[in-house]
Each structure stands twice: as C-alpha cells, then as structure tokens.
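*Asks:* Could you slot chain B onto chain A? The hints should help.
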Amino acid sequence: MNTLKNYAGLLTSLVVVVLIALAPIFSGNAASREVVFTILRAIVLASSLNILLGYTGYVSFGHIVFFGFGGYVGFYLITAQGQSLWVAMLAGGLVSGLLAYLLGKAILRLRGAYFALATIGVNEAVRAFINNFEPFGGPTGMTMNFSVYQQYGGAMQALEMTFYIMLVLTILVVILSYVVRTSKFGLGLLAIREDEDAAEVMGVVAPDAKTWAFVLSAIFPGMVGALFFFKNGSVEPLDAFPLHTSIEMIVMVMLGGQGTVLGPILGAAGYQRMRGLLVTSTIFKNIQLAVSGGLLLLIVLFVPAGIIGWARQRWPKWRGVLQ
Amino acid sequence: MKRSFTILLALVLALSLMLAACQPQAPAATETSGGESGGETAAKTQTLVIGFTASQTGKYNVSSGRQVNGLNLWMKQINDAGGIKLSDGTVVTFKAVSYDDESNKDRVQELYTRLATEDNADMLISPYSSGLTAAAAVIAEQYGKVMLTTGAASDATYKQGYTKVFQMYTPASRYLTGAVDLLAKTDPSVKKVAFVYENSKFSTAVVEAAKDYAADKGYDVVLYEGYDPETTDFGPFINKIQDAGAEAILGGGHFQDGSAFARQLFEKNVPVKFVTLLVAPPEPDFADLGDAAVGIIGPSQWEPLAAFKPDFGPTGKEFEAAYMAAYNEEPSYHSAGGYAAGLVLEKAIRDADSTDPDAIKAALDNMDLTLFFGKIKFDTSPEAHGLQIGHSMIYIQWQKDGDTLGKQVVWPEDGATAKVLYPLH
Numbered sequence: 001m002n003t004l005k006n007y008a009g010l011l012t013s014l015v016v017v018v019l020i021a022l023a024p025i026f027s028g029n030a031a032s033r034e035v036v037f038t039i040l041r042a043i044v045l046a047s048s049l050n051i052l053l054g055y056t057g058y059v060s061f062g063h064i065v066f067f068g069f070g071g072y073v074g075f076y077l078i079t080a081q082g083q084s085l086w087v088a089m090l091a092g093g094l095v096s097g098l099l100a101y102l103l104g105k106a107i108l109r110l111r112g113a114y115f116a117l118a119t120i121g122v123n124e125a126v127r128a129f130i131n132n133f134e135p136f137g138g139p140t141g142m143t144m145n146f147s148v149y150q151q152y153g154g155a156m157q158a159l160e161m162t163f164y165i166m167l168v169l170t171i172l173v174v175i176l177s178y179v180v181r182t183s184k185f186g187l188g189l190l191a192i193r194e195d196e197d198a199a200e201v202m203g204v205v206a207p208d209a210k211t212w213a214f215v216l217s218a219i220f221p222g223m224v225g226a227l228f229f230f231k232n233g234s235v236e237p238l239d240a241f242p243l244h245t246s247i248e249m250i251v252m253v254m255l256g257g258q259g260t261v262l263g264p265i266l267g268a269a270g271y272q273r274m275r276g277l278l279v280t281s282t283i284f285k286n287i288q289l290a291v292s293g294g295l296l297l298l299i300v301l302f303v304p305a306g307i308i309g310w311a312r313q314r315w316p317k318w319r320g321v322l323q
Numbered sequence: 001m002k003r004s005f006t007i008l009l010a011l012v013l014a015l016s017l018m019l020a021a022c023q024p025q026a027p028a029a030t031e032t033s034g035g036e037s038g039g040e041t042a043a044k045t046q047t048l049v050i051g052f053t054a055s056q057t058g059k060y061n062v063s064s065g066r067q068v069n070g071l072n073l074w075m076k077q078i079n080d081a082g083g084i085k086l087s088d089g090t091v092v093t094f095k096a097v098s099y100d101d102e103s104n105k106d107r108v109q110e111l112y113t114r115l116a117t118e119d120n121a122d123m124l125i126s127p128y129s130s131g132l133t134a135a136a137a138v139i140a141e142q143y144g145k146v147m148l149t150t151g152a153a154s155d156a157t158y159k160q161g162y163t164k165v166f167q168m169y170t171p172a173s174r175y176l177t178g179a180v181d182l183l184a185k186t187d188p189s190v191k192k193v194a195f196v197y198e199n200s201k202f203s204t205a206v207v208e209a210a211k212d213y214a215a216d217k218g219y220d221v222v223l224y225e226g227y228d229p230e231t232t233d234f235g236p237f238i239n240k241i242q243d244a245g246a247e248a249i250l251g252g253g254h255f256q257d258g259s260a261f262a263r264q265l266f267e268k269n270v271p272v273k274f275v276t277l278l279v280a281p282p283e284p285d286f287a288d289l290g291d292a293a294v295g296i297i298g299p300s301q302w303e304p305l306a307a308f309k310p311d312f313g314p315t316g317k318e319f320e321a322a323y324m325a326a327y328n329e330e331p332s333y334h335s336a337g338g339y340a341a342g343l344v345l346e347k348a349i350r351d352a353d354s355t356d357p358d359a360i361k362a363a364l365d366n367m368d369l370t371l372f373f374g375k376i377k378f379d380t381s382p383e384a385h386g387l388q389i390g391h392s393m394i395y396i397q398w399q400k401d402g403d404t405l406g407k408q409v410v411w412p413e414d415g416a417t418a419k420v421l422y423p424l425h
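So the protein lines, in turn, are chains A and B.
Residues in the first sequence are numbered consecutively from 1, following our numbering.
Residues in the second sequence are numbered consecutively from 1, following our numbering.
Hints listed in this document are in silico derivations from the structure and should not be mistaken for laboratory results.
Note that the Cβ used here is the ideal one computed from N, Cα and C, for glycine as well.
Accuracy of the hints is not assured; some may be wrong.
For the chain A half of the interface with chain B, some residues (derived, Cβ under 7 angstroms), not all of them [what the hints assert, rightly or not]:
1. Glu-34
2. Val-35
3. Thr-38
4. Asn-145
5. Phe-146
6. Gln-150
7. Gln-151
8. Thr-211
9. Asn-232
10. Glu-236
11. Asp-239
12. Thr-280
13. Leu-289
14. Gln-313
Only chain A is shown next, with the shape it has when bound in the complex (with noise of 0.2 angstroms):
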C-alpha cells in the first residue's frame, strides 16, 4: 500500500497517458490512431523538453534540433544502410544524445536569455549543416521507397506499429521524467533551477548536472524523430527543424506545469487536442491558429504556473498524485 503511495504520481501519469491512448485501441479506428500519434509525439518531446527546462530552469528555444538530427541518422541508416527501423531509433537517439553532451559542455555555461538565444543558433547551424551535408540528401533531403514498409507487413501495418512504438515510447519518457524529478540528481537540477550558485555551493555539481539533464532532454526526441520521418517516407531540412515546434514545445510545458511529471503531459495533449479540433472545426478551421493563441494567452495570463502547478497550489492534499 505504501509502494502504491510512493508512486502514486507515476501512477497517475502513466494513467493518463494510457487513457489517452486507449480509443484508437480499441475502437480501431486510423484516424483516431493518427490524431493520438500526433498527440504522443508532442507529450514525447513537451516531456523531454521539461527535463531541461521544468527541472533545470534552462530555457532552450532550438530543442528540436535533436528531433531532427536523430530523424536524420535514422533515415539515412534505414534508406542508405538498409538498417531496421529498430536500430535507426536507437542510432538516432544515441546520436541526439551525444549532440547534447558536446553541446552542453559549450553552450551551458551560458545562463538565461545568452542560452536561449545560443540555443536558436544551433538549430540554425545544424540545418544549414544538413542542407549542406550531400551524403544526407542536402536540399533536397531523402525519401523512402515504399516498399521498405513490407518488412514490417505492409504499410497498414508499418503505420499501426509506429503507433505502438510511440506509445511505449511515451511510457519511458514519462518513467524518466519522473525518476529524474524523484533522484538526488533531480534535486540538483531543482537546486540549480532555484539557484545555481548556491547549488554549487551545496555541492551539486552544476556544470555536470546540466551537462547529463540536456542529454537525457536529447535522446528520446532524437528516437521520436527517427520514428516520425520513417512514417512519412521523406525528410527535408525544412521539416526536421521548425523553429516554431520548439516554441510549441515551451508553450505545452508551461500550459501543463513546468518542473512536473504530469505537467508536460497534459499540456501537450490539451495543446495538440486543441489545435487538432480546431482545424478540423467548421466554425474555426480558418481562424484556428488565432483561437488557439487567444486561448493560451487567456491561460499564461490567469495560471501562470500551469494546470498541475495551479491544482497543486489549489489542493495541497493530492500532491502526492499531482508531481
């Protein structure tokens, strides 16, 4: 009974995030499987965002960078190696991964806006990197041949298996994020986020710790990205590296609660539910993305701390459920 208390909030994430996935289980039906794809992928990367900047208060404003890099190698390993999609995500991951650990021994010491705005310029220079890189496609990028899908039974089922992987994909993020946020070198990251010199002072080591928070923000986005671009049989520079998804990504962490489990998983999913039905609504399809900035705007203005910060102020009691 304790056990259960003790993780009560992974529980409780792992719920939702279970709840959200269940409809196109069961109902079968492809294009709610699509819609909830859509969904995991934002929670995948608003998770992993949150790593670096819920725990660590370290803005980045390019994170999707190892969304991309990862789909690049990904690709490439499956459409110029003939590699599985298994060892793509795995490379694309490992790579984003070790793309963090160079880039954080450089650009971590840089604090607040210097790091938000070093940030911006690395997703720039890793695209013009790619758009110049001819063994990854250059300007024109890559694209899969359709029948890559056959060995995994055909497309049908290449498409409803990524859709399992993303699941599970979301699950260990979820594990991650909440293990991190209850280890002692999740308390360093809280004690850097509230002040990073007195960390230091206290004996966190806080070069290190950024370092491996900014790595672990890596890896899953790098496997996401290399799931993503399988699925949609092309990559192009332009689409592995929108600027705007980061700014997204913020956006669904701070909507949800920063420096929570629970948190990034429910801005995501409302911020993704919420753009999906606008633009598939006769009334608001053609203005839905100036109802969705007039929403979020409403939000930031009157919670601040985002829907889980907000119900753990509200509810003290349930913050055990609520982390």
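*Replies:* Showing chain B alone in chain A's frame:
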C-alpha cells in the same frame, strides 16, 4: 522577479503564436460542392468526395490558395452542368472536403488519414509542395486512394514504388532542360554556362538535373553555386559569374530571391547573353522590375498565352475568362494546375465509365490527352509510376513592345508567340 520573468516569457510565446496566425488567409476551401446537382431525381446520383489539404496559413498560402481556386472552379462548372452521366444512368457529382495543413508536415498524415477514413474521400488531391505531398502519398497508397498531385514537381516522390499517385506538373528534372535546348538552338557558339541557384529542395533538384543535361550537351559548367534562401545581396555571386567568364546564367529559386538576382544583374550590367531563372519571371509582379525584367526568361507550367489545342475541356482563353469572372484575378499556373487536375479526374471517370477506383486508376494509366494546360501522360513503369511524361514546360521571356513590357512565349517553338530576345548584352 522570477515570476514576472515567467509571465513575460509566457506572454511573448503566446503573442508569437498569435502573430503566426495573422497571415493572409486564402479563400476558404472547406466543404464545397459548387453548383446544383438536383433535378435528376429519376437517375441515380452519386456524389464523389474529393479530399485534400490546403495551406490556408503559412508560407504556401498564396500558391496553394490559387490551386484550390482552380479545382473549385472546375467542380462548380461540372456540378452546374449536371455532373458526369455514366452509361448505366448514374449521374456523378462532386464534393470537396479540405483542411488547413498550415504549410507544414506535422499534421499532413493525420489529416489525410481522416480524409480517407472518416470523410470517406473517394479521391485525393495532393497538398501544395513536394515535401507535404511525399507525406500524403504514403497515406494515399496505404488506403488505395487515387491521388493527383499538383504543385509537387520533385521526381523523387514518384520513384518510391507508389501505384496510385499521379503527377500533373512537369517534374523538376525537366524544369530547365528546355532552357538549355533553347540556348543551343539560339546560339550554338555559347559554351560557358553558370548555375547559381537557391539552396532549397526544389531549386537544387531542378538545377542538378539541368547541369547534367547541359554537360551532356557539351556545355562547360564554369560555376555551380547555391545561395541561401534569405540572400538579398548577390554581389559576391555576380563577381564569381564575371570571373568565370560565363556567357549564360541558369538558376534562381523563388520569387523574392529571383527578382533581387535579376535586378542586381541589370544594375551591374553583367555581360551575359542569356538568363533563365526559376519561378519569379512567370509571376505578373516580375514586371515591377521594369527594364531589369527585359530579356529574362523563366519556365512556367502554364501561361494564358499558350495556345494548346485541347482535345478535352476548355481552351486556355475559356479557362482564363471563367477564372477571371469567378475570382477577379488572372489565373496563375497554380490555378491552372488545380483546374487541370479536376479535368483529368473527370476524363478518367468518363473513360472508365465507372467510379470504381481500380477502373479510374486504369484510365489514368492509359491517359494520353491534351488539355488547355498541355499534354498529359503518366509513366506506367514500376520504377516511376505516375511520373508526368507528357507535359512540358513553357518558357516565357519579358519583352518590350514600344513602352509596354509584356511576357512572350519563346519556347517550345510550336507554342512560341515571339522570337527570343537575344543576346541580352
């Protein structure tokens, strides 16, 4: 302090999203079934759903909007005319269902799956641009839906083993090859050619193919250099062109950079004989360059001047008049592509005398016809099924008639309305 920073950051983020929304909106192409299809109560009426996404917001907004306008015009006309009557008495009418893809790939597969499964689209039209079309093609093929692509010139999409995807446009690999032929025909003594192009998917694909073609024809490619899409100062490239002693320039990318490039070539009085740029020259706004536009050649998928003799559908003049009446603007080749996609679907249904997807696909495979848009024929080989092999580019050149600046078709010879103005210097 920290709280105020958080609120400020949140406000900036929300405002940036709102700003992103403040882009010009294309005329709504939501759910349309232009015209009346009633009055045939005795005959069995079947309404086919045509599904597509349109870029109502984002960078493809204008081109995609015109493509949709063209398709909607065809749909209104065919429905107003009472639809297509099949030999079994069935009257086929059309209804369009579309969503905004925001000019990005994030939701394209989600929306096309919705079109294929929830909206039960019988046929699909591609989004605008090769990138978005590549993502949509996977879904079309998976659900066995015939998809006609307009605004998607990249060859690569049609070489991935698809069997249900059919291309309306001349592929990127043949975008500039006609310009090489025109140069060879006009002045066989020219040998030194420079390729200066925008470093983007479309332009690079076009120029790579044109460079190989030029090299095969014996041209000496003295410069082959890409520029960033944001480039506004072409000075360094112009210096390289002059240093290399190029006699002809081929390249460009999109409207803004192409216009700037042409203007700066004129201002610096670069001594080249022949300039062909992508995308920008066919646009009516290119005339704003004044004398800098004179002599510049550009490839176009279609021009109102083109005088093809159609064996199906309206003539170019009839299409232009109908489009002007409906939208009060001149049709661009995007508009013509959208309209022509409708005509091709109509012809396929008539040829198949059925609405069965397999019969329509077979009719498309066998199609070989000329529309006001040009010749339409699809590759049926397994390696490049659906690739457009009938349609050819038209090359226009800005020429002066007295003080009036206007476009003239200069290639191919059989569609030419004027002799090419050559040399530039």
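*Asks:* Please go over all the hints and tell whether each is borne out by the structure.
*Replies:* Verification of the hints:
1. Checking Glu-34/A against chain B: minimum C-beta separation of about 4 angstroms stays under 7 angstroms; hint holds.
2. A least Cβ separation of about 6 angstroms between Val-35/A and chain B falls short of the 7 angstroms threshold, and the interface hint therefore holds.
3. With its C-beta approaching chain B no nearer than about 5 angstroms, Thr-38/A sits inside the 7 angstroms limit, and its interface hint holds.
4. Interface restraint check: Asn-145/A against chain B, minimum CB-CB distance 5 angstroms, threshold 7 angstroms, status holds.
5. For Phe-146/A, the interface hint holds, since its Cβ comes within 7 angstroms of a Cβ in chain B; the closest pair sits about 4 angstroms apart.
6. For Gln-150/A, the suggested interface contact is broken, since its CB lies about 9 angstroms from the closest CB of chain B, more than 7 angstroms.
7. For Gln-151/A, the shortest C-beta to C-beta distance to chain B is roughly 13 angstroms, which exceeds 7 angstroms, and the interface hint is violated.
8. A cut of 7 angstroms between beta carbons decides the hint on Thr-211/A: the least distance to chain B is about 23 angstroms, and the hint is violated.
9. At its closest, the beta carbon of Asn-232/A sits 5 angstroms from a beta carbon of chain B; the interface hint therefore holds under the 7 angstroms criterion.
10. Interface restraint check for Glu-236/A: the shortest CB-CB distance to chain B comes to about 5 angstroms, inside 7 angstroms, so the restraint holds.
11. This hint holds: Asp-239/A has a C-beta 5 angstroms from the nearest C-beta of chain B, less than the 7 angstroms allowed.
12. A hinted interface residue such as Thr-280/A counts as satisfied when its beta carbon comes closer than 7 angstroms to some beta carbon of chain B; here the least separation is about 6 angstroms, so the hint holds.
13. Restraint check, Leu-289/A versus chain B: the minimum CB separation of about 3 angstroms is within 7 angstroms; hint holds.
14. For Gln-313/A, the shortest C-beta to C-beta distance to chain B is roughly 13 angstroms, which exceeds 7 angstroms, and the interface hint is violated.
Taken one by one, the earlier hints fail for this structure at numbers 6, 7, 8 and 14, listed in ascending order.
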